[in-house]
Amino acid sequence: AQKVTQAQTEISVVEKEDVTLDCVYETRDTTYYLFWYKQPPSGELVFLIRRNSFDEQNEISGRYSWNFQKSTSSFNFTITASQVVDSAVYFCALSEHNAGKSTFGDGTTLTVKP
Amino acid sequence: DTGVSQNPRHKITKRGQNVTFRCDPISEHNRLYWYRQTLGQGPEFLTYFQNEAQLEKSRLLSDRFSAERPKGSFSTLEIQRTEQGDSAMYLCASSFEDGELFFGEGSRLTVL
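Residue numbers (the working numbering), protein chains in the order written: chain F, 1 to 114; chain G, 1 to 112.
Keep in mind that the hints are not guaranteed to be accurate.
Here are the simulated lysine-lysine pairs, BS3-like style, with alpha carbons at most 27 angstroms apart [claimed, not checked]: (1) F:Lys3 - F:Lys38; (2) G:Lys11 - F:Lys38; (3) F:Lys70 - F:Lys38; (4) F:Lys3 - G:Lys57; (5) F:Lys16 - F:Lys38; (6) F:Lys16 - F:Lys113; (7) G:Lys57 - F:Lys38; (8) G:Lys14 - G:Lys57; (9) F:Lys113 - F:Lys38.
These are calculated hints, taken from the structure and not from any lab test.
Put together the whole structure using the sequences plus the hints.
So this is what it looks like as structure tokens:
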């Protein structure tokens with residue numbers, strides 16, 4: 001069975017601070033995919049990144065970066081120099097190869113104060 | 001606009017009534033998913049289709065729930081004899097194979 005744990009329920013930071021959102025996953029599969037999605041106050045979930053289990057290279061996209069470590073089953077997400085517009089609920093998700101469904105964590109609510 | 005479209009956006013119904021939601025996925029996507037989301041929780045998988053075939057249903061999906069995807073295009077999710085516990089946001093998403101999910105804006109159900 002697959003499971004995703006986002007231990008941080010809520011995080012509050014002041015604008016321009018860096019913040020890291022944690023994600024720990026469980027799976028028995030050797031081939032799987034990890035995702036991060038953003039759900040702003042408007043409600044629609046938006047895809048941010050997808051990694052496959054064979055690619056542990058960290059990725060940076062602008063102010064966003066992701067640290068994938070198979071040894072600790074973690075896929076953490078860092079926002080550098082946070083902005084008010086980053087305020088949202090962030091979900092980590094796991095999908096096993098050809099399993100179809102994605103399993104989501106319960107999300108981390110990030111509030112960035114001006 | 002080629003995003004995922006869901007309707008109605010909001011539905012208020014009385015307990016015991018039937019409701020139906022519709023989802024129009026991105027046309028190039030062969031997979032279509034239904035999820036349910038309640039306050040403070042992540043999306044919870046209900047079912048998914050690859051083209052017109054329903055490949056998996058969650059054990060959480062009682063017999064009152066049925067989903068169809070005729071001709072592998074749009075999908076409907078019907079809830080019969082609604083209960084107050086069915087109140088939630090019903091999310092539709094589509095993808096191409098194992099790719100990332102593209103979500104619609106959701107259909108919010110309130111059962112009185």
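Against the structure, the hints come out as follows:
{"no.": "1", "hint": "F:Lys3 - F:Lys38", "result": "holds (19 angstroms)"}
{"no.": "2", "hint": "G:Lys11 - F:Lys38", "result": "holds (25 angstroms)"}
{"no.": "3", "hint": "F:Lys70 - F:Lys38", "result": "holds (23 angstroms)"}
{"no.": "4", "hint": "F:Lys3 - G:Lys57", "result": "holds (17 angstroms)"}
{"no.": "5", "hint": "F:Lys16 - F:Lys38", "result": "holds (19 angstroms)"}
{"no.": "6", "hint": "F:Lys16 - F:Lys113", "result": "holds (9 angstroms)"}
{"no.": "7", "hint": "G:Lys57 - F:Lys38", "result": "holds (25 angstroms)"}
{"no.": "8", "hint": "G:Lys14 - G:Lys57", "result": "holds (26 angstroms)"}
{"no.": "9", "hint": "F:Lys113 - F:Lys38", "result": "holds (18 angstroms)"}
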